[in-house]
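J.: If you want the building blocks of each chain, they are given just below.
There are 2 protein chains.
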Amino acid sequence: MERQIDIEIRALKELILNMGGCVEKAIEEATQALILREPQRLQRVYELETKINEHHIQVDEACVKILATQSPLAADLRWIVATIKINTDLERMGDQAVNISHNGERYLTEPALKPLIDLPRMASEVRQMVRSCLDAFVRKDLALAEKVLEQDDIVDGLKNEIFDELRNYMVTDSTSVSRALNLILIARNLERLGDHATNIAEDVIYALTGKDIRHGHS
Amino acid sequence: MERQIDIEIRALKELILNMGGCVEKAIEEATQALILREPQRLQRVYELETKINEHHIQVDEACVKILATQSPLAADLRWIVATIKINTDLERMGDQAVNISHNGERYLTEPALKPLIDLPRMASEVRQMVRSCLDAFVRKDLALAEKVLEQDDIVDGLKNEIFDELRNYMVTDSTSVSRALNLILIARNLERLGDHATNIAEDVIYALTGKDIRHGHS
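Going line by line, the protein sequences match chains A and C. Numbering-wise, the numbering used here puts 1034 at position 98 of the first sequence, and it's gapless, one number per residue. Numbering-wise, the numbering used here puts 970 at position 34 of the second sequence, and it's gapless, one number per residue.
Just chain A, same shape as in the assembly:
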C-alpha cells in the first residue's frame, strides 16, 4: 500500500510543476515581448505572476502540513526542505519576469536600439536553465542538476559582454542612454533568473544526495 506521505508528496510535486510551468511561460512571454517588440504579451506576464503567487502560498502550506502530520525523515525530510526553498526561488523568478516586463515596457516606447546584441541568446540560455532545473527536480536527475551549475557561467559571461557593449553605446551616443540602460537592467534580471535556477539545482542536489554543495562546501 502506498504511504500517506507519498500521496501528499506526489500532490506537492504536481503543484510545484504547475508553478514551474507558469514561471517558464512568464519568462518566455517577457523575453519574447522584448525580442519581437510585442508589448501586448506583457499583460500575460502579470496574469502569470498572480498565479505563481497563489502557488507560492499553497506550496508552503502543503509543506508545513506534511511536516506537521507526517514527521518525514531522511530523504523525505530533505525533499520537503528543498521544496520550501525551491518554492521561494520560483516565486522570485516570477518577480524577475515582472521586472523584465516593466523594463521592457519602457524600452518598447522608443525605437529599437539595434541590434539587441546577445540578449536573445542570454534569454534562451536562461530559459533552458529554468527548464533543466525543474526537469532535474522531477526526474531526480543529478547529472542534469550539475549541468545547470555549469550553464550559469555562460550566462554570467554573456551578461558581462552585453554590459560592456551597452556601456559603449551610452558613451558614444547620448540618445541611446535611456534604452541602453533598460537593456542593461533586463540583462541583470536575466542574470538573476540564472542565479535562481542555480539555487534550485543546488537544492535538487541536496535533496538527492544529502550533500550541501553551496559555497564550495563538501
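You can take every hint at face value.
Copies of the same chain look alike in the list, so a pair counts if it fits in one copy or across any two.
Derived DSS-like pairs (lysine-lysine); straight-line CA-CA distance at most 25 angstroms: (1) 1147 to 987; (2) 1076 to 1021; (3) 949 to 1076; (4) 987 to 949.
It is worth saying that the hints were derived from the structure and are not from the lab. Only a predicted model underlies this, so the values are computations on that prediction, with no experimental measurement involved.
Please arrange chain C on chain A, whose structure you already have, making use of the hints.
T.: Using the frame of chain A, we list chain C on its own:
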C-alpha cells in the same frame, strides 16, 4: 524543566543572530567604503561573506536536525520554517553586499561623481530595515516587523529618484556614464537588500501569527 527543543531553538537563534550581525557589518563596510571613498574596507566585506556562508550551512543543518529529532508542531514548526527562509535571505544579503563591493571597487577607480545624490540616505534606510527585521525576529516584535514593510516603500522611492538623476547625468555628460552606471547598479543592490529585509519581516509575521501576508493574502 526546559524542553530539549527550546534548548536547540535557543542555539539556533544565537546562530541566526551572529549571521545577521555579519550581514549588517558587511552592508555597513560596503556602503561606507563608497561614501567615505575608502576601498580598503571592501576586503572586510569579502571576509564577512565567507563567515555568512558558513553560518548559512550551519543554520540549515540545525533546522533539519530539529525537524528530524524533535518533530516540532504549531508555533515551533512555524518558527523553524521561517528560519529556513530567513537563512536564505540573509545569505543573499551577503551576496548583495559583495555586489555593492564589486560595483564600488569599479566606481572608486575614477574621480567622485558628486554628489552621491541620495545614495547615502538610501543606504542608511536599508541598514535600518535590516536591523529592524532582525530585532523583530529576536524580540518577537510584530509591530516592528510591520514597520519594515512600510519602510520598503521609502527605499523604492529613493531608488527611483536616484535612477532618474543618474540617467540625466549620463545623457548630458558622456564622461559620467561609467560612474553613473555603477551607482545605478549599487542603488539596485540596495533596493534588493530592502526586498530581502521585507521578506524576513513577512516571515517573522508568519512565525508569530501563522498569517501569510505575502501577495496581499491573509
